[in-house]
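> In the order they appear, the protein sequences are chains S and W. Here numbering that gives the first Met the number 0 is used: the first residue of the first sequence is 0, the next is one more, and so on. Here numbering that gives the first Met the number 0 is used: the first residue of the second sequence is 0, the next is one more, and so on.
No lab work stands behind these hints, which were simulated from the structure alone. It is possible that some hints are incorrect.
Straight-line alpha carbon distances no greater than 30 Å define the calculated BS3-like cross-link-like pairs of lysine-lysine that follow [what the hints assert, rightly or not]: (1) S:24 with S:354; (2) S:311 with W:263; (3) W:256 with S:353; (4) S:60 with W:354; (5) S:60 with S:251; (6) W:61 with S:106; (7) S:462 with S:490; (8) S:217 with W:106; (9) W:106 with S:114; (10) S:24 with W:201; (11) W:235 with W:58; (12) W:416 with W:58; (13) W:114 with S:80; (14) W:324 with S:333; (15) W:102 with S:465; (16) S:353 with W:263; (17) S:58 with S:211; (18) W:434 with S:4; (19) S:326 with W:58; (20) S:217 with S:458; (21) S:135 with W:353; (22) W:434 with W:464; (23) S:263 with W:346; (24) W:61 with W:201.
Please read these numbers as outputs of a predicted model, since none were measured by experiment.
Protein chains: 2
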Amino acid sequence: MSKMKTAITPTREEDYPEWYQQVVKSADLAEHSPVRGCMVIKPWGYGIWENIQRVLNDKIKKTGHKNAYFPLFVPLSFLEKEAQHVEGFAKECAVVTHHRLEKKDGKLVPAEDSKLEEPLVVRPTSEMIIGEMFSKWIESYRDLPLLINQWANIVRWEMRTRLFLRTTEFLWQEGHTAHQTEAEAEAEVFKMLNVYKDFMEKYLAIPVILGKKTEDEKFPGAVDTYCFEAMMQDKKAIQGGTSHYLGQNFSKSSDIKFSDEDGKIKYVYTTSWGVTTRLIGAIVMVHSDDDGLILPPKIAPTQIVILPVIHKEETRKEIFSICEKLKDDLENIKYHGLNMVVDIDTKDIRGGEKKWSWIKKGVPIIVEIGLKDIQNDSVFFLRRDNFEKKSLKTNEFLTNIVPILDDMQTKLFEKAKKQLEDNTKNIDNLDDFVKFFTPKNDKEIHGGFALSHYCLNDKEMEKVKKDLSVTVRCLPLNQDTKEGECIFCKKKTKHKAIFAKAY
Amino acid sequence: MSKMKTAITPTREEDYPEWYQQVVKSADLAEHSPVRGCMVIKPWGYGIWENIQRVLNDKIKKTGHKNAYFPLFVPLSFLEKEAQHVEGFAKECAVVTHHRLEKKDGKLVPAEDSKLEEPLVVRPTSEMIIGEMFSKWIESYRDLPLLINQWANIVRWEMRTRLFLRTTEFLWQEGHTAHQTEAEAEAEVFKMLNVYKDFMEKYLAIPVILGKKTEDEKFPGAVDTYCFEAMMQDKKAIQGGTSHYLGQNFSKSSDIKFSDEDGKIKYVYTTSWGVTTRLIGAIVMVHSDDDGLILPPKIAPTQIVILPVIHKEETRKEIFSICEKLKDDLENIKYHGLNMVVDIDTKDIRGGEKKWSWIKKGVPIIVEIGLKDIQNDSVFFLRRDNFEKKSLKTNEFLTNIVPILDDMQTKLFEKAKKQLEDNTKNIDNLDDFVKFFTPKNDKEIHGGFALSHYCLNDKEMEKVKKDLSVTVRCLPLNQDTKEGECIFCKKKTKHKAIFAKAY
Chain S
0 MSKMKTAITP TREEDYPEWY QQVVKSADLA EHSPVRGCMV IKPWGYGIWE
50 NIQRVLNDKI KKTGHKNAYF PLFVPLSFLE KEAQHVEGFA KECAVVTHHR
100 LEKKDGKLVP AEDSKLEEPL VVRPTSEMII GEMFSKWIES YRDLPLLINQ
150 WANIVRWEMR TRLFLRTTEF LWQEGHTAHQ TEAEAEAEVF KMLNVYKDFM
200 EKYLAIPVIL GKKTEDEKFP GAVDTYCFEA MMQDKKAIQG GTSHYLGQNF
250 SKSSDIKFSD EDGKIKYVYT TSWGVTTRLI GAIVMVHSDD DGLILPPKIA
300 PTQIVILPVI HKEETRKEIF SICEKLKDDL ENIKYHGLNM VVDIDTKDIR
350 GGEKKWSWIK KGVPIIVEIG LKDIQNDSVF FLRRDNFEKK SLKTNEFLTN
400 IVPILDDMQT KLFEKAKKQL EDNTKNIDNL DDFVKFFTPK NDKEIHGGFA
450 LSHYCLNDKE MEKVKKDLSV TVRCLPLNQD TKEGECIFCK KKTKHKAIFA
500 KAY
Chain W
0 MSKMKTAITP TREEDYPEWY QQVVKSADLA EHSPVRGCMV IKPWGYGIWE
50 NIQRVLNDKI KKTGHKNAYF PLFVPLSFLE KEAQHVEGFA KECAVVTHHR
100 LEKKDGKLVP AEDSKLEEPL VVRPTSEMII GEMFSKWIES YRDLPLLINQ
150 WANIVRWEMR TRLFLRTTEF LWQEGHTAHQ TEAEAEAEVF KMLNVYKDFM
200 EKYLAIPVIL GKKTEDEKFP GAVDTYCFEA MMQDKKAIQG GTSHYLGQNF
250 SKSSDIKFSD EDGKIKYVYT TSWGVTTRLI GAIVMVHSDD DGLILPPKIA
300 PTQIVILPVI HKEETRKEIF SICEKLKDDL ENIKYHGLNM VVDIDTKDIR
350 GGEKKWSWIK KGVPIIVEIG LKDIQNDSVF FLRRDNFEKK SLKTNEFLTN
400 IVPILDDMQT KLFEKAKKQL EDNTKNIDNL DDFVKFFTPK NDKEIHGGFA
450 LSHYCLNDKE MEKVKKDLSV TVRCLPLNQD TKEGECIFCK KKTKHKAIFA
500 KAY
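Same shape as in the complex, but just chain S (with noise of 0.2 Å):
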């Protein structure tokens, strides 16, 4: 497609961050709040966490767990359980100190006398809230495994904030489970993990890397934690999720004790796994271009918007009762076991405004009825991840569109999968490495993720760090284990890493 300009200012080769931002706002997902570090999610943006909750909990319940919900609210005495936990999550959280409000001198003021003993956080996770009742729950091996998930807004306070990226309050999942043995803990920790690759990859179209975390990156408490990090546009990794074994860790802060079958009481084993409203930040950089928003179709919050084209006002209403022929047709065919979402914009508005509008919205197939497609019996569309237009007969329209929006999904897929594999590069000395990590230009590009061999002890890498702002991503998950020295300190060692700068 040719054009002059593009719809998104600056490109992403001129100002990724800022492309970021616009494609964000100009598809309408989602804005700042006046209340600091709080984004409202506007309904575009709402409805894309709304397919990735009805999929993903759809997955949660299958695999046996159930849904309940807990106390927005943790007193500071259970954040003080557990010694790594709090110093992890007590740093920056909000802080409930009162609980009614007076006026005084004509101003709102917390009320001296409504002091709290004891004050409350806003969950910044709820292992502890969550432990407690589990200590509760569970007391005999018959109790067990204990598989409970809960949706819910999590708050940690941020400085410094980007709309889904990293956000004062945001809105995720949280799995906790709690099992007899280690080895039903760990398996659960990685079947879940698995149930978010198959989630990113089939829906989301983002290819993942499975990985361990390293001492310094794991979740404070847990024994291990296991990630999935996806790779951006722009080279810079994504963590898209995480999946913790927390041993008995937190069975012993909480006294979360059972009595096995041989008689014994034993502490239980916990494992907490979560993906966040970040997902959609995701999806954002993964997938779109300097138009816009492109959408996976299987998470779009709409697969198809028809326009009505009117260039004379005694044929709108013809053309308004095919368009809605149209959409009850679309709408009657299963889309992977739905039915197609379908939208007609009937909003007062010039043409090519509202067409645009939709293409920077990422709705992957926009379709324009006018008086002569009427007359051919025919549909006319543009598909959005390629701006392919086409003209078909209505019937083969209809047949097709399945195969369409299934192909716009794989490819999405194969080009995202693409992106990550060629920027993916095994290095294996320090100069190579410096190099692949130092920006070519003022824009901040650089080379991708570097795999390399690593000794896991992160003192080794701080230098490169500070320097190069590169982390240590993962320590990816069946990788073949052949000794070679680590990029830093040049040990021998079995271990390689995934490197790169990071959201």
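With the hints as your guide, set chain W onto chain S.
Using the frame of chain S, we list chain W on its own:
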């Protein structure tokens, strides 16, 4: 069904409030958390909420509303903008004053240097924060109506709490809409009130009275508040939800203006409406009996539970496989647009205990499958609402299950309707009114709902309110407007009100 004692102690007659707590507990719906006033909603209770969400969300979307998400926190200055609103909501709420914790003398305390310049309130409702966003989003009449809904958690500090009925944190849905004209906004208020009524009656099997609140009882800041009231088995009222006509009160305080078709700048007319997890308390109190919870099948998390009855170990495999087959067959039956939900309970506990646990949980149909049933190709089942036990040929059971569930749904509604009608009395003098509401014994049993002429001056009923704990619930809609004397002051009035004791 004859048995020595009831599964729930005390019975409804012995102590209704305590019976309620015990039904909630033995059905495993929810429990108090260690966080004062906050509850934990357990999987069976949350499953009811998920069904409420699913059905209501669908109705809310079908009436043109879109979901979005707004911040958990409201800055104090926002609350202050609407004078009446602040009076109503600034009183008991959670106030965030700091954003970091630090160790001091070995204990975690809010860090002094993290004190917020402006404290934040955890949302007790979202008019002010959503109004602020609406004022940015609305420019022209083309942006109207703006129809938004949010599913969220809410905090209102409560001193005396009861699971579901009154808790410091609860879950709800809040609709917020902005309109071009008064007439359109008022139509929205009634549209949603009727959506609620339809939902209450068809899904929760709870008949409701639609009405208008008096000045004293309306939402702080509203022009008019409409509500729906239901009668519990102890003849007390519960307000199931509300729909507010806010006029221009909030658009003026939040500065929500638009340029109208005539080119003039005007304030929009707004509405808000919501229902909460309190509805689960109403389900419990309307339908349950002295053996525990009874759930309307259309809202039950599981319609049918299958209990394998194993007398000899060697029959286990065969019985389990027949149970699986029955579950599959049942789950292929459509039940009001969805697949039937069926559980098999394979827990390793005694059969009687297991069966009673499901009776107390209120699952509509309990099936027991033993060797004899397999030999006869029959299904033995218990219907929870009337304890009817029956054995049907498997085919017959599969053919009849939907009609059986529908009959149960209808019967529950009819029973609740009779309860409401039998205990709603026209009362036209104060003596009868006082007698009606005076407990007959120490169990607080009284007459029910009184429908009486009322002058609308709430001062007139203050003594009654105090002496009898009776409040005016609402002025029922669509009442005949024959004139009569106010039950309190004898002034002539056309209004009749529903008076009741209430939760």
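> Would the pair residue 416 of chain W and residue 58 of chain W pass a check requiring their Cα atoms to be no farther apart than 30 Å?
Holds, at roughly 23 Å.
> Take a quick look at whether residue 353 of chain S and residue 263 of chain W sit within 30 Å of each other, Cα to Cα.
Distance of about 25 Å is within 30 Å: holds.
> Between residue 217 of chain S and residue 458 of chain S, is the straight-line Cα distance small enough, at 30 Å or below?
Measuring from Cα to Cα gives roughly 15 Å; hence the hint holds.
> Is it true that the CA of residue 326 of chain S sits at most 30 Å from the CA of residue 58 of chain W?
holds (20 Å)
> Would you mind confirming whether the straight-line C-alpha gap from residue 61 of chain W to residue 106 of chain S stays at or under 30 Å?
violated (43 Å)
> Assess, step by step, whether the Cα of residue 217 of chain S is no farther than 30 Å from the Cα of residue 106 of chain W, and give holds or violated.
Holds - the C-alpha atoms of residue 106 of chain W and residue 217 of chain S are around 25 Å apart, at most 30 Å.
> Does the structure keep residue 60 of chain S and residue 354 of chain W at a Cα separation of 30 Å or less?
holds (24 Å)
> For the pair supplied as a hint, residue 58 of chain S and residue 211 of chain S, is the alpha-carbon distance within the 30 Å limit?
Judged against 30 Å, a Cα distance of about 23 Å means the pair holds.
> Please verify whether residue 434 of chain W and residue 4 of chain S have alpha carbons no more than 30 Å apart.
violated (81 Å)
> Does the structure keep residue 256 of chain W and residue 353 of chain S at a Cα separation of 30 Å or less?
At roughly 24 Å apart (the allowed maximum being 30 Å), residue 353 of chain S and residue 256 of chain W satisfy the hint.
> Do the alpha carbons of residue 311 of chain S and residue 263 of chain W lie within 30 Å of each other, as the hint requires?
Satisfied, since the Cα-Cα distance of roughly 29 Å is no more than 30 Å.
> Checking one constraint from the list: CA of residue 106 of chain W to CA of residue 114 of chain S, max 30 Å. Satisfied?
holds (18 Å)
Hint compliance for this structure: hints 6, 10, 18 are broken, all remaining hints hold.
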